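Line order of the protein sequences matches chains A and B.
Residue 9 is where the first sequence starts when you use this note's numbering, and the numbers rise one by one after that.
Residue 25 is where the second sequence starts when you use this note's numbering, and the numbers rise one by one after that.
Just so you know, these hints were derived from the structure itself, not from any lab.
Certain hints may be false.
What the hints assert, rightly or not - Within a straight-line C-alpha distance of at most 30 Å, the following computed BS3-like cross-link-like pairs (lysine-lysine) qualify:
| no. | chain 1 | residue 1 | chain 2 | residue 2 |
| --- | --- | --- | --- | --- |
| 1 | A | Lys323 | B | Lys234 |
| 2 | A | Lys105 | A | Lys70 |
| 3 | A | Lys399 | A | Lys518 |
| 4 | A | Lys212 | A | Lys240 |
| 5 | A | Lys103 | A | Lys74 |
| 6 | A | Lys323 | B | Lys396 |
| 7 | A | Lys414 | A | Lys425 |
| 8 | A | Lys59 | A | Lys151 |
| 9 | B | Lys327 | A | Lys502 |
| 10 | A | Lys425 | A | Lys398 |
| 11 | A | Lys323 | B | Lys239 |
| 12 | A | Lys216 | A | Lys159 |
| 13 | A | Lys323 | B | Lys395 |
| 14 | A | Lys56 | A | Lys70 |
| 15 | A | Lys356 | B | Lys391 |
| 16 | A | Lys103 | A | Lys93 |
| 17 | A | Lys82 | A | Lys23 |
| 18 | A | Lys105 | A | Lys74 |
| 19 | B | Lys327 | A | Lys518 |
| 20 | A | Lys50 | A | Lys82 |
| 21 | A | Lys70 | A | Lys82 |
Said to hold, decoys possible - Per the computed footprint, the stretches of chain A lying under chain B, defined by three or more beta-carbons under 8 Å from a beta-carbon of chain B, are:
| no. | segment |
| --- | --- |
| 22 | 375-386 |
| 23 | 464-470 |
| 24 | 505-512 |
Unchecked claim - A few chain B residues that don't get close to chain A, going by computed Cβ distances all over 10 Å:
| no. | residue |
| --- | --- |
| 25 | Ile58 |
| 26 | Leu63 |
| 27 | Leu66 |
| 28 | Ala71 |
| 29 | Ser79 |
| 30 | Leu166 |
| 31 | Gly189 |
| 32 | Arg261 |
| 33 | Lys267 |
| 34 | Thr290 |
| 35 | Val315 |
| 36 | Ile317 |
| 37 | Asn354 |
| 38 | Glu366 |
| 39 | Lys395 |
| 40 | Tyr399 |
All of these numbers come straight from a predicted model, not from anything done at the bench.
Every residue gets a Cβ at the ideal spot worked out from N, C-alpha and C, and that includes glycine.
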Amino acid sequence: MAVINVNSLLADNNKLRDYILELDTKDFNEKIITIENISQIKTDLSLKTLKSILEGRLFIRKEDRKIILVDIIKRKYNAYDFFQKTELGIVKKRKLKKIKINNQIRNILNSKIAMLELTSGTTEQKIKAIYDVIKEGNPEILKIINELLSKEKNKELIFSLNLAKNSILARFGNQTEKLKAIVSLAGSTNNDIVNILRTIAEDKSLDKNIKIEANNSLQASLRNIKLNNIIKTTFFGLSLGSVLLLAAIGLAITFGVVGVINMAHGELIMLGAYCAYVVQQLIPNNISASIIISLPVAFVFTGFVGILIERLIVKNLYGRPLETLLATFGLSLILQQIVRSIFSPLNKTVYSPEWMSGITRIGGLELTNNRIVIIIFALLIFLIVIYILKKTIFGMQMRAVTQNRKMASAMGINTKKIDMFTFAFGSGVAGVAGVALSQITNVGPNLGQNYIIDSFMVVVFGGVGNLFGTFIGAFGLGLGNKLLEPYVGAIVSKIFILLFIIIFIQFRPKGLFSLKGRMADE
Amino acid sequence: MNKRMVEKNSSLFTNINFLLGDSIGRYLIYLLAISIFILPILHVYIAEDSLFHVSSYTISLLGKYLCFALLALSLDLVWGYTGILSLGHGAFFGLGGYMMGMHLMREIGDRGVYGNPLLPDFMVFLNWEELPWFWYGFDSFLFSCLMVILIPGLLAFIFSALAFGSRVTGVYFSIITQALVFTLMLAFFQNDFGFGGNNGLTDFKDILGKDISSKETRAALYICSATMLILSYLTCRFIVSSKIGNILIGIRDRETRMRFLGYNTTVFKIIIFTFSAVLAGIAGALYVPQVGIINPGEFSPIKSIEIVVWVALGGRGFLYGAIIGAIVVNVLKSYLTIISPEIWIIFLGLVFILVTIYLPNGLTDLKRIIKKNIYDRR
Numbered sequence: 009m010a011v012i013n014v015n016s017l018l019a020d021n022n023k024l025r026d027y028i029l030e031l032d033t034k035d036f037n038e039k040i041i042t043i044e045n046i047s048q049i050k051t052d053l054s055l056k057t058l059k060s061i062l063e064g065r066l067f068i069r070k071e072d073r074k075i076i077l078v079d080i081i082k083r084k085y086n087a088y089d090f091f092q093k094t095e096l097g098i099v100k101k102r103k104l105k106k107i108k109i110n111n112q113i114r115n116i117l118n119s120k121i122a123m124l125e126l127t128s129g130t131t132e133q134k135i136k137a138i139y140d141v142i143k144e145g146n147p148e149i150l151k152i153i154n155e156l157l158s159k160e161k162n163k164e165l166i167f168s169l170n171l172a173k174n175s176i177l178a179r180f181g182n183q184t185e186k187l188k189a190i191v192s193l194a195g196s197t198n199n200d201i202v203n204i205l206r207t208i209a210e211d212k213s214l215d216k217n218i219k220i221e222a223n224n225s226l227q228a229s230l231r232n233i234k235l236n237n238i239i240k241t242t243f244f245g246l247s248l249g250s251v252l253l254l255a256a257i258g259l260a261i262t263f264g265v266v267g268v269i270n271m272a273h274g275e276l277i278m279l280g281a282y283c284a285y286v287v288q289q290l291i292p293n294n295i296s297a298s299i300i301i302s303l304p305v306a307f308v309f310t311g312f313v314g315i316l317i318e319r320l321i322v323k324n325l326y327g328r329p330l331e332t333l334l335a336t337f338g339l340s341l342i343l344q345q346i347v348r349s350i351f352s353p354l355n356k357t358v359y360s361p362e363w364m365s366g367i368t369r370i371g372g373l374e375l376t377n378n379r380i381v382i383i384i385f386a387l388l389i390f391l392i393v394i395y396i397l398k399k400t401i402f403g404m405q406m407r408a409v410t411q412n413r414k415m416a417s418a419m420g421i422n423t424k425k426i427d428m429f430t431f432a433f434g435s436g437v438a439g440v441a442g443v444a445l446s447q448i449t450n451v452g453p454n455l456g457q458n459y460i461i462d463s464f465m466v467v468v469f470g471g472v473g474n475l476f477g478t479f480i481g482a483f484g485l486g487l488g489n490k491l492l493e494p495y496v497g498a499i500v501s502k503i504f505i506l507l508f509i510i511i512f513i514q515f516r517p518k519g520l521f522s523l524k525g526r527m528a529d530e
Numbered sequence: 025m026n027k028r029m030v031e032k033n034s035s036l037f038t039n040i041n042f043l044l045g046d047s048i049g050r051y052l053i054y055l056l057a058i059s060i061f062i063l064p065i066l067h068v069y070i071a072e073d074s075l076f077h078v079s080s081y082t083i084s085l086l087g088k089y090l091c092f093a094l095l096a097l098s099l100d101l102v103w104g105y106t107g108i109l110s111l112g113h114g115a116f117f118g119l120g121g122y123m124m125g126m127h128l129m130r131e132i133g134d135r136g137v138y139g140n141p142l143l144p145d146f147m148v149f150l151n152w153e154e155l156p157w158f159w160y161g162f163d164s165f166l167f168s169c170l171m172v173i174l175i176p177g178l179l180a181f182i183f184s185a186l187a188f189g190s191r192v193t194g195v196y197f198s199i200i201t202q203a204l205v206f207t208l209m210l211a212f213f214q215n216d217f218g219f220g221g222n223n224g225l226t227d228f229k230d231i232l233g234k235d236i237s238s239k240e241t242r243a244a245l246y247i248c249s250a251t252m253l254i255l256s257y258l259t260c261r262f263i264v265s266s267k268i269g270n271i272l273i274g275i276r277d278r279e280t281r282m283r284f285l286g287y288n289t290t291v292f293k294i295i296i297f298t299f300s301a302v303l304a305g306i307a308g309a310l311y312v313p314q315v316g317i318i319n320p321g322e323f324s325p326i327k328s329i330e331i332v333v334w335v336a337l338g339g340r341g342f343l344y345g346a347i348i349g350a351i352v353v354n355v356l357k358s359y360l361t362i363i364s365p366e367i368w369i370i371f372l373g374l375v376f377i378l379v380t381i382y383l384p385n386g387l388t389d390l391k392r393i394i395k396k397n398i399y400d401r402r
């Protein structure tokens with residue numbers, strides 16, 4: 009098979025070479041026939057030939073009749089061998105012969121190129137070609153589209169082809185065709201189609217019925233675009249919310265249960281992200297596996313760091329929350345500096361596995377896969393944490409300590425031990441969050457700093473010691489931020505959110521959901 | 025108690041002596057007062073190649089330290105005495121600085137790069153047609169000075185009235201002060217906010233008609249900073265050694281009990297927080313002409329937390345501790361960042377951890393530890 013393929017490819021190339029040489033004639037009718045022949049060879053190279061002729065970059069070298077592609081840079085002719093793709097250096101203009109075209113040929117070339125693009129390549133490339141057709145609006149291509157439609161089986165392609173067909177008919181068809189096309193274009197969110205509908209609706213030379221239909225379709229499209237934008241904004245909001253949830257959830261555990269503010273929380277996230285980086289360096293060949301392996305690695309590593317923090321610093325400062333805040337802040341500076349010294353201050357890239365890159369299309373919407381995965385992942389982590397809190401002995405003891413430390417201690421719970429493990433647990437969750445964040449931002453020593461204030465805001469807004477509050481807080485703030493953004497810009501919307509929280513705290517100092525029941529201390 | 029009775033009956037002179045505080049504070053203030061007379065003379069009148077000449081770099085640096093000391097003093101008043109940890113005092117310092125910076129921008133007049141007589145350079149650069157309304161009045165030095173006091177004071181008053189009014193305390197208050205300063209940083213980084221964006225305000229030429237980089241001006245700025253620091257120290261001493269001071273300490277140690285005793289703790293907290301913010305604003309205003317620039321970096325949360333380190337290291341609740349802490353940490357910072365910025369950051373982090381765990385009262389604990397050792401030996 010492979011041999012035949014190579015052979016046929018070689019044969020194609022030889023044919024192509026002959027045809028191109030045939031183009032060196034003054035008879036334009038002959039040229040049209042040759043171009044038709046070239047377009048019959050359906051390879052990438054024939055498409056490239058037609059394109060370079062259109063751009064005026066295809067030449068024939070006079071001395072050996074070699075076919076040459078030229079890049080014209082500052083009036084200098086930088087030549088390449090068309091078939092071997094080798095560089096030939098700068099060539100003098102008079103040694104070359106240009107393949108000349110006229111307007112008629114230009115039109116033919118355009119439609120041939122469109123046809124080749126519509127019929128070759130991957131689905132993605134074909135769709136792009138179809139949208140180019142819509143933009144250009146060439147009635148010649150209608151025939152090709154009809155032909156393709158009769159053969160095509162891919163639903164996505166059929167949808168796009170129909171769109172293209174109707175967009176052409178709406179402009180160039182007869183009265184009934186126009187009406188039908190315009191009606192079927194209603195609700196399309198494609199920018200070019202909206203523009204087509206708008207010009208038709210405003211064109212005074214057209215029939216009244218057509219204009220009314222065009223207007224109806226236009227309104228439907230605009231409505232859909234608005235809806236799409238709302239969905240898109242919501243998606244971005246959910247995405248930001250899930251990031252906030254991931255960043256805040258560990259903090260909510262340590263702050264809520266142990267009652268300790270850990271300013272080094274952001275650095276634990278950062279360490280988690282670096283775990284992902286290190287694991288990926290160790291398993292460079294399997295990105296999927298490296299990401300999945302780095303989750304438990306990050307959990308254990310940052311959990312261990314959490315235990316160290318608890319044993320060495322926080323333990324000495326229980327009951328002095330302000331001092332804890334300062335000491336852990338000092339720690340965060342040191343951790344940042346250590347990472348900076350080991351890994352350099354430059355950002356590191358953690359590669360995404362295939363199932364996380366790319367785009368998912370739903371209607372006219374394009375949603376990036378990594379964001380979808382992060383949203384799902386955040387929800388999953390949240391559910392796991394809730395499960396551990398509600399269904400395990402450790403979780404029950406943790407809740408008991410949160411609600412009434414003295415009473416829990418009286419019931420025989422080793423509160424000191426619970427504090428330590430809670431701290432480790434919260435830190436571990438922060439590490440896992442770091443792995444997730446490594447997929448959507450750059451990994452650098454300052455990664456944690458960017459999230460610490462936000463995650464505090466989420467915890468304080470949602471109510472300390474209440475994970476559902478954290479959940480609502482994260483998504484509320486995420487959505488609020490992204491809903492404001494189109495109106496006031498990214499930074500101002502962030503400022504608004506911060507101001508909102510500052511004011512909100514004045515009215516509900518304990519957050520959205522405050523703990524009820526007998527709290528041991530205030 | 026006995027000591028206080030004596031103070032009340034004594035003359036003005038002993039009153040001042042009392043205000044100066046215990047021996048360390050007293051010597052510190054004497055030292056500052058002497059420096060007001062000596063340093064400027066050494067700077068202006070001694071030939072530059074002389075051993076005793078104080079370079080303009082040194083005198084500006086010392087002036088800068090004194091501004092930081094004043095800032096630390098203001099924080100000690102709220103943190104050390106009232107138990108309110110503000111992680112956002114840089115906000116008031118920065119605002120005071122910006123108010124002074126705006127005046128200095130106006131004094132540039134048409135000597136900017138673009139030579140526009142009406143607008144500062146950065147506005148010309150942004151194609152602005154006219155001066156925004158909030159820049160009106162800053163041509164006048166007196167108005168600017170008023171704003172230096174008013175704007176940080178007003179912000180602190182509104183902020184603290186809201187926060188303390190709804191009984192936001194402890195770490196919650198600390199966190200929202202940090203959010204406040206962070207918000208200000210984001211806002212001031214915006215170009216269209218009208219304060220020079222990223223670059224801030226700089227390229228100052230004159231202050232009160234005098235060249236800002238001349239020897240005399242630098243000497244005068246040093247005198248102003250030192251005088252202001254001494255006056256503020258005395259005022260703070262007066263406050264903390266009066267009955268108000270006792271109430272503040274009461275609030276710090278057990279606020280609920282103070283409330284049950286019938287004190288409106290909220291009012292006291294608002295007043296002291298606002299006063300402290302005004303001091304911080306003045307510190308900022310004195311700082312800007314000496315360093316020649318103010319930019320949104322002053323609002324970064326880490327700068328505000330650095331102020332806390334100064335006070336923590338110097339020992340909170342002593343006033344002079346804050347001054348010593350600010351100067352010690354900043355001198356160390358100047359030296360360590362020259363050796364290596366990495367060492368400085370590690371050092372800063374270690375100071376945070378070690379001081380909070382082992383020296384809750386900062387360097388003043390050292391004095392006690394040494395004394396104790398001496399007594400033990402005897």
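Okay, the hints, checked on the actual structure:
1. As the CA atoms of lysine 323 of chain A and lysine 234 of chain B are separated by approximately 56 Å, the hinted pair breaks the 30 Å bound.
2. A C-alpha spacing of about 6 Å is found between lysine 105 of chain A and lysine 70 of chain A, which places the hinted pair at or below 30 Å, so the restraint holds.
3. Restraint check for lysine 399 of chain A and lysine 518 of chain A: satisfied, since their Cα atoms lie roughly 26 Å apart, inside the 30 Å limit.
4. Restraint check for lysine 212 of chain A and lysine 240 of chain A: not satisfied, since their Cα atoms lie roughly 36 Å apart, outside the 30 Å limit.
5. Distance restraint check for lysine 103 of chain A and lysine 74 of chain A: the Cα-Cα separation of roughly 11 Å lies within the 30 Å cut-off, and the hinted pair is therefore satisfied.
6. A distance of roughly 27 Å separates the Cα atoms of lysine 323 of chain A and lysine 396 of chain B; the hinted pair therefore holds under the 30 Å criterion.
7. Straight-line distance between C-alpha atoms of lysine 414 of chain A and lysine 425 of chain A comes to about 14 Å, which keeps the hinted pair within the 30 Å bound.
8. Only pairs whose Cα atoms come within 30 Å are accepted, and lysine 59 of chain A paired with lysine 151 of chain A is accepted, the gap being roughly 21 Å.
9. Of the supplied pair hints, the one linking lysine 327 of chain B and lysine 502 of chain A holds, its CA atoms being roughly 21 Å apart against a limit of 30 Å.
10. At most 30 Å may separate the alpha-carbon atoms for a hinted pair to count; lysine 425 of chain A and lysine 398 of chain A meet this at roughly 19 Å.
11. Between lysine 323 of chain A and lysine 239 of chain B the CA atoms are separated by roughly 53 Å; this puts the pair beyond 30 Å, and the hint is violated.
12. Taken as a hint, the lysine 216 of chain A and lysine 159 of chain A pair is broken in the structure, with Cα atoms around 36 Å apart against an allowance of 30 Å.
13. Restraint check for lysine 323 of chain A and lysine 395 of chain B: the C-alpha separation of about 29 Å stays at or below 30 Å, so the hint holds.
14. The suggested pairing of lysine 56 of chain A with lysine 70 of chain A holds, with an alpha-carbon distance near 22 Å, which does not exceed 30 Å.
15. For a cut-off of 30 Å, the pair hint linking lysine 356 of chain A to lysine 391 of chain B is broken: about 47 Å separates their Cα positions.
16. Only pairs whose Cα atoms come within 30 Å are accepted, and lysine 103 of chain A paired with lysine 93 of chain A is accepted, the gap being roughly 19 Å.
17. Using a Cα cut-off of 30 Å, the hinted pair lysine 82 of chain A and lysine 23 of chain A is violated, with the two alpha carbons roughly 33 Å apart.
18. Taking the CA atoms of lysine 105 of chain A and lysine 74 of chain A, the gap is near 10 Å; set against the 30 Å cutoff, the hint holds.
19. Annotation: proposed proximity of lysine 327 of chain B to lysine 518 of chain A holds, straight-line Cα distance about 28 Å (limit 30 Å).
20. The straight-line distance between the Cα atoms of lysine 50 of chain A and lysine 82 of chain A is roughly 34 Å, outside the 30 Å bound, and the hint therefore fails.
21. At roughly 23 Å between alpha-carbon atoms, lysine 70 of chain A and lysine 82 of chain A fall within 30 Å of each other, so this suggested pair holds.
22. As drawn, the segment 375-386 of chain A meets chain B at 0 residues by the rule of a beta-carbon pair under 8 Å; below three, the given contact is violated.
23. Coverage of the segment 464-470 of chain A by chain B holds [criterion: at least 3 residues with CB-CB distance below 8 Å; count 3].
24. Using a Cβ-Cβ cut-off of 8 Å, 5 residues of the segment 505-512 of chain A lie near chain B, which meets the minimum of three, so the contact claim holds.
25. With a cut of 10 Å on Cβ distances, isoleucine 58 of chain B stays outside the contact zone with chain A, its closest approach being about 34 Å.
26. Every beta carbon of chain A lies more than 10 Å from that of leucine 63 of chain B, the smallest distance being close to 33 Å; the non-interface claim holds.
27. Listed as outside the interface, leucine 66 of chain B is consistent with that label: its C-beta sits roughly 37 Å from the nearest C-beta of chain A, beyond the 10 Å cut-off.
28. At the 10 Å boundary, the C-beta of alanine 71 of chain B stays outside the reach of chain A, the nearest C-beta of that chain being 44 Å off.
29. With 10 Å as the threshold on Cβ separation, the claim that serine 79 of chain B sits away from chain A holds: the shortest Cβ distance comes to roughly 32 Å.
30. Every Cβ of chain A is farther than 10 Å from the Cβ of leucine 166 of chain B; the closest lies at roughly 32 Å, confirming the non-interface assignment.
31. The non-interface label for glycine 189 of chain B is inconsistent with chain A: the shortest C-beta to C-beta separation is roughly 7 Å, within 10 Å.
32. Every CB of chain A lies more than 10 Å from the CB of arginine 261 of chain B, the least distance being 24 Å, so the non-interface label holds.
33. The beta carbon of lysine 267 of chain B sits about 26 Å from the closest Cβ of chain A, which is more than 10 Å, so the claim that it is off the interface holds.
34. The non-interface label for threonine 290 of chain B is consistent with chain A: the shortest C-beta to C-beta separation is roughly 12 Å, beyond 10 Å.
35. Every Cβ of chain A is farther than 10 Å from the Cβ of valine 315 of chain B; the closest lies at roughly 23 Å, confirming the non-interface assignment.
36. Every CB of chain A lies more than 10 Å from the CB of isoleucine 317 of chain B, the least distance being 22 Å, so the non-interface label holds.
37. The claim that asparagine 354 of chain B is not at the interface with chain A holds, since no C-beta of that chain comes within 10 Å of its own (minimum 17 Å).
38. Distance to chain A contradicts glutamate 366 of chain B as a non-interface residue, since its nearest Cβ pair spans about 6 Å, not more than 10 Å.
39. With a least beta-carbon separation of about 24 Å from chain A, lysine 395 of chain B lies farther than 10 Å from that chain, consistent with its non-interface assignment.
40. The non-interface label for tyrosine 399 of chain B is consistent with chain A: the shortest C-beta to C-beta separation is roughly 26 Å, beyond 10 Å.
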